[in-house]
Amino acid sequence: MDDVGLSTVLLAMLAGAIRVSTPFLFVALGECLTEKSGRINLGLEGTLVFGAMAAYAVSYETGSPWLGVFVAGLTGVCFGALHGAICKLKGVNDIAIGIALMLFGTGLAFFFGKGYIQPVAPRLEGVQLGSWSTDPSVQKALEVNPLFLIGIALAVVMWWAFRNTRLGLVVRTTGDSAPAALALGINVDLVRFLATAAGGFLAGVGGAFLSLYYPGSWTEGLSSGQGLMAVALVIFARWNPLACFGAALLFGAAGALGPALQSIGISRGYHFFNAAPYLMTLVIMILSISPKRSLRGAPGELSITK
Amino acid sequence: MADTTVPAPSFAFADAFDRVRRSSEYVVIPLLALLASAVLFSLFLLALGKNPVDFYSLVWRGGFGTSFSWQNTLVRASPLILAGLCVAIPARLGMVVIGGEGALVLGGFAAAVTAIPMVGWSPAPLTLVMMAISAMAVGGLWIGFVGYLRHYRGINETISSLLLSYIAISILNFFVEGALRDPSDPNKPSTMPIGPETMIGPMPGTSVHWGLAAGIVACVAVWVLMNRTTFGFAARITGGNVRAAMAQGLPVGRLVLVSTALAGALVGLAGFFEVAAIHGKANASLIAGYGFTGILVSFLARHNPLAIIPVAIFLGGIDAAGGLVQRRMELPDATVLVLQGLMFVVLLVSETLYGRFAIFKSKGA
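Here the protein sequences come in this chain order: A and B. Heads up: the first sequence at position 211 corresponds to 211 in my numbering, and the numbers run straight through without jumps. Heads up: the second sequence at position 346 corresponds to 1346 in my numbering, and the numbers run straight through without jumps.
One chain only, chain A, in its complex shape (with noise of 0.2 angstroms):
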C-alpha cells in the first residue's frame, strides 16, 4: 500500500470514527447512567433499534427529523421505564428482563417499520468543520453531525455531574451500596428507575442517528449489535463518561474499517472487517477484565461484575 492509499485509509478512519461512534457514545452513556445506578439494562439494543425506527418514521411524517430524534428518546424512555418497573419487582433478573426486551424491540420495530423502508425521510444535516481546508476528502471527514457534538458536551456533563453534584452523588451511592443509599433516605426503586428510563432516551437518540444520518436509512439490519457492543464499552471505559467517548471513538475506528478499506478497492474480505467491533469488542474485555481483582470504579450493586 503505497502512502496515498495509507493516508485515505486512515482519513477514513478518522471520518468513519466521528460518524460511527455517535450511536456508541449515545448508548454507552445511557447505559454508564444506568449501570451506575446498579443495574444493567442488556435491552439497549431493541432500545436502539425501535428508536431509530420510531425516528425514520417520524421524521417521514412530519418532515421534521430533530423531531424525529426527540420521539426516538421517548420511545427510549418508555422501554427505559418498563424496564425499570419489572426490575422493580422481586425476583426478576435484570439481565433475564434485558433479553427479554430485546428481543420484544427489534421484533415491535420490525412490525411497525415494514411500511418505511422503502420511503425517503428528510435527514438530520451535518454541521461543516472542514471549511478550512481545500482538501475536498478532509472537508468530508469534517463534516459532523451535531449529535456528535452534543453527545461529547453530554459526556462532558455527565462527567462533572457524578463527581461535583448532589444528584450524581445519590445516582452513586445507589449504585455502590442499596443499604448505605436506603439509610440516606434514598429511595433506591426510584432512582433506578430514573436512571433507567433516562438511559434508555439516550439510546433512542443513538437509533435515531443511525436512521437519520449514517448509515441513514431505516433497514432491518441498521444495527447489529452496537446497542449491546455499548454495554461492554462502558465495562472498558470503567463507568467514566469521558472515557466513554474515548472508547465510543475506538469502536468506531474499528467499525469503519471495513468500509474504509472499501474506500480504496480492497474489497476483499469485506465480511471478515465487518467482524472487526465484535472481535475488537472481545478482545478488549479479554484484556480489560481479571477475574483476580474487582474492576476499578465498578458499581458494587451491579449484577455483571458480582
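Calculated from the structure, these hints are not laboratory results. If you're wondering where the values come from, they're calculated on a predicted model, not measured in any experiment. Only true hints are included.
In silico BS3-like links for lysine-lysine, alpha-carbon gap of 27 angstroms or less:
| id | chain 1 | residue 1 | chain 2 | residue 2 |
| --- | --- | --- | --- | --- |
| 1 | B | Lys1188 | A | Lys114 |
| 2 | A | Lys88 | B | Lys1361 |
| 3 | A | Lys114 | B | Lys1050 |
| 4 | B | Lys1361 | A | Lys90 |
Computed from the model, here is a short list of chain B residues facing chain A with C-beta under 10 angstroms:
| id | residue |
| --- | --- |
| 5 | Ile1167 |
| 6 | Leu1296 |
| 7 | Phe1299 |
Just so you know, even glycine gets a beta-carbon here, dropped at the ideal spot from N, CA and C.
Use these hints to put chain B onto chain A, whose structure you have.
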C-alpha cells in the same frame, strides 16, 4: 394435630399429593403468563383494527390444525429443542448464554464444509456421521469458549456469547460469499450442495426429519444427566452458589467447560440437521433466528430439559403459522417476533409470583 393420628400409608399419599401441588406452581404460573400475554396481544391487535379471534384461529390452523401443519411445526420444533437445551444446560450453572444462533450457524457451516470433499466417493452414512461430528465439535468449541471466558477470564457470558454469535455469522458470510461459494448457484451465495443422495430423509411415515428424534433423545439424556448423576448434582450446586461449590472442592471450572461445550455441541447438531435434512448446503438461510427463539423456549420451560419438548413444539407451531397469518391478515412477518417478545417479558414478570400463592405451599410449611 390431626396429622399425628393419620396412619403411615396416608402419609405417603399426602406427601406425594403435596409434591404435585408444590411443583404444579411451575406449570400454573407459566401458563398464566402465556394467558396474560395472549390477552395483551389481543389488545395490541384490536388497537391495530385486527380481529384477535381470527389471529388465534389462524395460528391454530397454521400450527396445529392439520397433519400438514403439524409436520411443519415439528420441523421447526427440532432446532428449537436443541437451541433451548443450549440455554438450559448453562442455566443450571447459573449462566445466561444467548449465543446459540452463532453456534448453530457455524455448526451447519462446518457440516457442509466437511461434506464437500467427501461427496461422491464416501458412503452417505459415513459422510453424515463425519458431518455431525464436525458440527458438534465446532458448536462445542464455540460455546465452550464462552464458558472458558466466563470461568477463567471473568467475562460475562451473556455479552461474549452474543458477540461470538455476530462473529460466527460474519464467518459464514465471509466464506459463502468468497472462497467457498458455489459458482454454479447464481441466486443465493451458498456452499456446494451436499447432494440429494447424502441428505437425511424423513422419519418413516412422516415428513419430519430425524432431528426431532435426536432432540427428544437429547432432552431425555440431559434430564438424566442433570437430575440423576453426580455431575448434574454438582452443576446445580454450582448454579446455586459458586463459592460454596468451590469451598466444597467441586471442579467448578471443569463443570462450566463441560456444560457449555455440551450445550454448544447440541445446538451445533441442530445446525447439522438444518444442512443435512433441509437446505442441503450452508447459506444465510441458517440464520433463521432459532437460536434466539431457543432462549424463550428455555425460559418458558424453566430450563427443564423435559419441558423443553412441548414448549419448543408450541413455539414452533406459532412460528409455522407466521406465513399464514401474514397472508390472511396482512400483518408483517415480524408479528410472530412481537408475540414472542411479549410472551418473554410477561413470563419474566410472572417470576415475581412464585411463592405468593398459599395454595402451592406444602401443608407443614
